[in-house]
Structure formats: structure tokens, C-alpha cells
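All chains, please: the whole structure from these sequences, using the hints.
Under our numbering, the first residue of the sequence shown is numbered 104, with each subsequent residue one higher.
A portion of the hints provided could be inaccurate.
[Said to hold, decoys possible] Capping the alpha-carbon separation at 16 Å, the derived lysine to aspartate or glutamate pairs in EDC-like fashion look like this:
id, residue 1, residue 2
1, K322, D415
2, K200, E137
3, K322, D355
[To be verified] Simulated restraints on C-beta separations:
id, residue 1, residue 2, range
4, S462, Q235, 24 to 34 Å
5, K200, W444, 31 to 41 Å
6, Q440, A348, 28 to 38 Å
7, S266, G162, 23 to 33 Å
Source of the hints: derived by calculation from the structure; they are not laboratory data. Every residue, glycine too, gets a C-beta built ideally from N, C-alpha and C.
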Amino acid sequence: MGGDLLTLFFCGDVMLGRGVDQILPHPGDPVLREGYVRDARVYVELAEAANGPIDRPVGFSWPWGEALRALDEAAPAARVLNLETSITQSADFARGKEIHYRMSPANVPCLTAARPDVCVLANNHVLDFGHQGLADTLDALAGAGLRTAGAGADADAADRPASVPLDGGRRLLVFSFGMPSSGIPRPWAAAPDRAGVAFVARPSSAAATAITDRVRQRKRPGDIAVASVHWGANWGYHVPHDEAAFARTLIDGGVDLVHGHSSHHPRALEVYRGKLVIHGCGDFIDDYEGITGYEQYRDDLRLLYLVSVDPDTGALHDVRITPLQARRMRLRRASQQDTRWLRQMLDRISSGFHPCVASAPEGTLTLRPVQGSGRGSAGRSRP
104 MGGDLLTLFF
114 CGDVMLGRGV
124 DQILPHPGDP
134 VLREGYVRDA
144 RVYVELAEAA
154 NGPIDRPVGF
164 SWPWGEALRA
174 LDEAAPAARV
184 LNLETSITQS
194 ADFARGKEIH
204 YRMSPANVPC
214 LTAARPDVCV
224 LANNHVLDFG
234 HQGLADTLDA
244 LAGAGLRTAG
254 AGADADAADR
264 PASVPLDGGR
274 RLLVFSFGMP
284 SSGIPRPWAA
294 APDRAGVAFV
304 ARPSSAAATA
314 ITDRVRQRKR
324 PGDIAVASVH
334 WGANWGYHVP
344 HDEAAFARTL
354 IDGGVDLVHG
364 HSSHHPRALE
374 VYRGKLVIHG
384 CGDFIDDYEG
394 ITGYEQYRDD
404 LRLLYLVSVD
414 PDTGALHDVR
424 ITPLQARRMR
434 LRRASQQDTR
444 WLRQMLDRIS
454 SGFHPCVASA
464 PEGTLTLRPV
474 QGSGRGSAGR
484 SRP
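Given below as C-alpha cells:
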């Protein structure tokens, strides 16, 4: 590999609405229209019942917890996250949806505390409060100086990648899009005359080729292209064949890294032709503590991904993962026992890597690609 490595930070769903919004300095209207919960403060009470009291209001950096120190120590060249929250005071609840995420615009400093370079928005909650909620979200993020991708005032804006300057005149290009398998309603798709999200109807070869055509039009020599896709089921490790084939077609067409998200827990990582595919990052920040069900997937464990690539080729060097755990709506370091469980799980479901190496005392997990790997079977155990 040539030159210094380029390290990038990725995480999954960052949900700063609902219960999280209620513990911040400027909580918005707590009213909900869910089947069983009508007040967002109930989610705070559930978290407190499970893990102890939260001294409200917390500071803006509270939900990030130990993640901020880990990021500062790693000093990645760029930080990319999936923002799964509408930033608005609108009361226009989207019809036909059971769950709505809304955070107060006055709590945006909670988001900027992590200093994201790109907030991807093609997900199933950014229009929870209609087109006004989307417009408010875009305005709030622009006002905070944050780049976005995956949603916009029309189809051209939604399809446009975020561009992050890197050293040496290079750029990180982040293309964001989402699929109905993640719960994005088809009417949310942006159109030439309608605001919305960058929408892909299904993970077909034709859809992947259309995306790579856009990548080739934008990508210059030295650029690193990321495809950030919101897709798949909430639970389960299996990666459907069409999703795996879609990701590989993106890599074949010039994408350097696939950043998948939507699942509530981590899914497989795969090395394909020397490039990284994260099929599902798992949740990162949310208000799910105290909610029972699917405990076998350990959705309380949250992964901070630091991906190092060759800046000239985009080839993967390694993935360093910091295991964190949600407690009292704050991320803390995972225990040695939980880190061991994560290491065994990642070894079982991922492909194209040597077995995870855990470093003490920090508990960082490092995955290095097997030389010559590249045509693995995502979502299956290694022999």
C-alpha cells in the first residue's frame, strides 16, 4: 500500500429524538402517537428503571459518552453517521407510521458535539414529520455547517453526494440512498418536483449500475467513494443474496466502501476485491434501554468503526472496532465479557478476515483482511 493510511469513522443509526431529546437541555414536545406510548418521557423512565436514574437535563455531549474520547484519540480524517431523526417542531406526524422520531432544533449541539463530517439522511425517519419536517431538518443541519447526503428539495439534491476535502487534494464522496426493506415508504422518494429521499426500489443489478454511473461521473483520481445504504431487516444476521450481490456490484463499479445500516444490531462485514462492505452497523445512539425482546442480538452493544484504507486505491488495511454499551442513554466502554462475545460473533458472521484480535486494556477489536480475499459469503460462518 502506498503512502499513509486514510482512517475514516462510521457508525450506524444515530437517533437523537424521542426519549433522547427529552433528557437534553431543550426538550421538544413529548407527544407521541404510538400504539402503547403517548409521551416520549416514558422511554426515559424505562431506561432509568433498567439502569438507574438520569440527572436531567444532561449536557449536549452526554449521549455520546466514551465515544467522543475514542474519536479524539483516533483522529479520523472524516466522520460519517446515519442521522435517523427529524429536527423540527412540526406536529405533522407522518400517516401510516407507528414510530416517529423528532428532536428539538435547539438540541442540535448534541449532534455537533461529535463533529460529523457527513450526516446521511436517506432513512425511514427523516420524513416522520412530513415535508416541513424535512425542510426544517435540512435548514438546521445547514445552519450548523453540517454536510448531508441522501435527502433534499428534489431528486437532484437527494442524489448529490456529500464531498469532504481530504489531504493532498483528495475528497471523500458519500452517496446516500435507502430501500423499502428498511421501512422507507415509497411516497418518500424524491422526484424532480418533490422533496424526499434518494430511493432505490430494490437491490437489483440495474439499480446498482445506475448508482455506479453516478459515482463515475463524480469521482476524480484520488477520491474515495462511499455508498451509504439504509436497507434490510431490523433483526437477524442473514444477508440476502440480492443485497450481497448489490454491494459487490457497487464495488465492481468503483465504490470503495459500502456503509450499510438500519439493523438494530451489527450484521456481517465482508471483504470483496480488497474493499470493505459493512452490511449493517447496528444502532449507535437511541432510547431503546428497557425495551425487551430480541435480547439474543445484544442491541445494547454499540460499535464504533474506524476503517483504514489505502488513500490511493481505497483498498482495506484494517477495521478497528471500539465496543460500547448504552447505559442511562450514554455510551460507555463495553466489558471484557461483552467484548469477547462481540469478537466471537463477528468472527462467526463475517468473511474475508483473519480472526478478530482484541487489544487490552481498551478492548479494541481489529479485523484484518486475509491476503487475496475478496469473494466471501456474507452472513455465513467461516469454516
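To see whether the hints hold, each was checked on the structure:
1. K322 with D415: It holds: about 13 Å lies between the C-alpha atoms, which stays within 16 Å.
2. K200 with E137: Given that 16 Å is the threshold and the Cα spacing comes to 9 Å, the pair holds.
3. K322 with D355: Distance ~14 Å between K322 and D355 Cα, so the pair holds.
4. S462 with Q235: 24 to 34 Å: violated, 48 Å
5. K200 with W444: 31 to 41 Å: Between K200 and W444, where Cβ atoms are some 33 Å apart, the hint holds.
6. Q440 with A348: 28 to 38 Å: The hint (28 to 38 Å, Cβ to Cβ) holds, given that Q440 and A348 are roughly 37 Å apart.
7. S266 with G162: 23 to 33 Å: holds, 32 Å
Of the numbered hints stated above, the single one contradicted by the structure is hint 4.
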